[in-house]
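Residue strings, one per chain:
Protein chains: 2
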Amino acid sequence: MILIENAKVLSDGKLKSANILIEENKIKAIGDVKDKSDYVINAKELAVIPGLFNSHTHCAMTLFRGYAEDMPLQEWLEKKIWPAEARLNEEIVYWASKLACVEMLKSGTTFFFDMYFFPSATARAVEETGIRACLSSAFFDFFSKDLLEANLKRVEKELNELKNFKVLRAIAPHAVYTVSLEGLKRAMEIAEKEDIFVHFHLAETEKEVIDFRKKNGNGIVKALDEIGFLNQRLISAHCVWLEKEEIELMAKRKVSAVHCPTSNMKLSVGKALNYPEMKKAGLNVLLGTDGTASNNSLDMLREMKVSALLQKFYYGADSFKAVDAFKIATENASKAFGIKAGKVEVGWLADLVLIDLSKIPMNPCHDLIANLVYSSASECIDTVIVDGKIVVENGYFEGEEKILEKFNKIAEKFFGSA
Amino acid sequence: MILIENAKVLSDGKLKSANILIEENKIKAIGDVKDKSDYVINAKELAVIPGLFNSHTHCAMTLFRGYAEDMPLQEWLEKKIWPAEARLNEEIVYWASKLACVEMLKSGTTFFFDMYFFPSATARAVEETGIRACLSSAFFDFFSKDLLEANLKRVEKELNELKNFKVLRAIAPHAVYTVSLEGLKRAMEIAEKEDIFVHFHLAETEKEVIDFRKKNGNGIVKALDEIGFLNQRLISAHCVWLEKEEIELMAKRKVSAVHCPTSNMKLSVGKALNYPEMKKAGLNVLLGTDGTASNNSLDMLREMKVSALLQKFYYGADSFKAVDAFKIATENASKAFGIKAGKVEVGWLADLVLIDLSKIPMNPCHDLIANLVYSSASECIDTVIVDGKIVVENGYFEGEEKILEKFNKIAEKFFGSA
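Sequences listed follow chains A and B, in order.
Position 335 of the first sequence, counted from 1, bears residue number 336 in our numbering, the numbering being contiguous throughout.
Position 58 of the second sequence, counted from 1, bears residue number 59 in our numbering, the numbering being contiguous throughout.
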């Protein structure tokens, strides 16, 4: 049992002092509790918030941070990222994922939704660092039947391996410009059979939308609906180039959309996800950093800020508030993934972040959520608890130097042999 | 003398190891120097960059961080900020400025250009914290002759007081919607007489531009030129709503424009400063956070990232690179203010920031500038040197807790009495 003593907790928009008791992996009590505990955290200067959900990333791409800068999306993928990715192996994905997990934990993220190669390697990193995750087995088929069959064989094997780890699972057909409609249909069938999520890139660029219509004589969302691809298993990143009717149909089918504002701005996709329309339609919106190669950070505190900046810039100063940024980074994701975290409430999972209110960016504290979204930085993260276990303490992850050292050795070898 | 030993320094785009010797307030030597020094910094895991220039802020507005969120510009000014500002006093400006100076130093800023009330109070904070600054005496006249005369009297007194401090000076007529053309003309005359800078808000919103044209039958820039307001003393924040010809005229007159991307996005000004056009015209562009009330951070590392994100989003992925963000935050500002800092070179001022390369966001290090701009955070700042003196060491500013404590007491009193 862990007792968080004299913590500052938000209650009706105001900061109040309370004790929080954690038993096993859940919040057992909040208020005037004084049970005997194995461990007491003096939280007099700490605010307790739910851990953040990074709902779209490719965490092993930390390897490519700063590797290929200032290029448009297609060129960036085709000339730099894909050739390098062809040389990946399990070891390097494991170490890059591990470093990414530590980076995420240290900046207040307790859950991430990943799409990448060698998902078992990432699963090992997840288990060893103590973060929570949903990992995907990803594939392309480039519109070849043979490639599809070969890839699905690999995917089924990978999904099977993932059962050995404490992670949620997903299948990840990459996007409509890399996977055939037949491939998407088969992916959803596998998702239904295995009862898992589908991780997907949707309507990221205008080119994707125009090319699809040219080829298929139909809008993407309508085509996806016709093959039964739209349902609440589907969690789609980007969702930038969507029409009103497409948003409404996705809402009706209970799809979730993941806003990736930094990546969208950096790769210049030309438009912002339409949050006002999505909110009106009741479409569930989440927040993600995307991979380090296109962000180049996994820091969800920053991502909340950029999400608010982009929405306000594009749709008006009152279109999106600090509380919206916080919501898409917490409870909306909790709902999408069916994880009872994302709120500081009795009976909910103890996935908690303790914010150091004595750090300058948190002062003055007129509005905790505004400070979190607009001014806090990773240096304000004091303690991170996932599944009832303390994984970051005093802003430090036990053993982080060794992970970094090992990662750098492996990375040097990888790029040295290019 | 300070010796920075085995530091990583950028040379032709690559990181090389070198010693840096600081004598008095200047860089005396770079390379294989081994002079006896009073103080040696082991910089094996540190990269040395020039300190960052925050070229537009209202630093005492730290008081209003998170105070009035999610509102459009005019409403935000008229309903929340101006009424609160009417109650300001010297003591509160001093403590809020002091906290802001520490926040800036700890995130790698060694110079800031401020516009606010009670500039002598801010000047005391500047001297005591060791940061470098150009401080302005600000005024409005709301198109009243009497108010103009009264304000200019105060301004001349304040500018005179500022001579007692080690700061650069500026006069700051607020903007065309708060100061008459006569007021602007008089401000420039004072600037010329005193040989100081002019700090100004220009073309921040479309409303400002349209209203001015309605009232004066002329574009703002043309009108300013006619009264002799455009010259190299003028450093103008925002510069969002400018036409091509206006940009060209400003370039010709050697005006500097300050990009404030976070503030512009947060207050939804509807457009991005046209960097591509400004670059083509040869207009000198700087970077600023604006005040904490509209950002809500003074962290220039983040501001560099948002500047790149906004430019790429608005003008294309290759319109603005990481090196551009770094340049507008360093050498362009050094040029505008005539301060020989902003480069790590022999004979230049020792205004230096040592970046901790062992922090996760700095790894891997394919590209130091890309990491600085896109992934570094204040936690990566190890040491900050201003004018040859170490002011931040191991990420810590001596006495910061006491400054924060005192600030919070004063702020509580200020808002409590509202």
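Everything labelled a hint here was simulated from the structure, so no lab data went into it.
As the structure is a prediction and not an experimental result, all values here were calculated from the model.
Careful, some of the hints might be misleading.
You can't tell identical chains apart in this list, so a pair holds if it fits in one copy or across any two.
As the list claims (entries may be wrong) - Here are the simulated DSS-like cross-link-like pairs (lysine-lysine), alpha carbons at most 27 angstroms apart as the crow flies:
1. Lys245 to Lys17
2. Lys17 to Lys403
3. Lys167 to Lys208
4. Lys272 to Lys245
5. Lys216 to Lys15
6. Lys322 to Lys81
7. Lys15 to Lys336
Hints breached by this structure = 1, 3, 5
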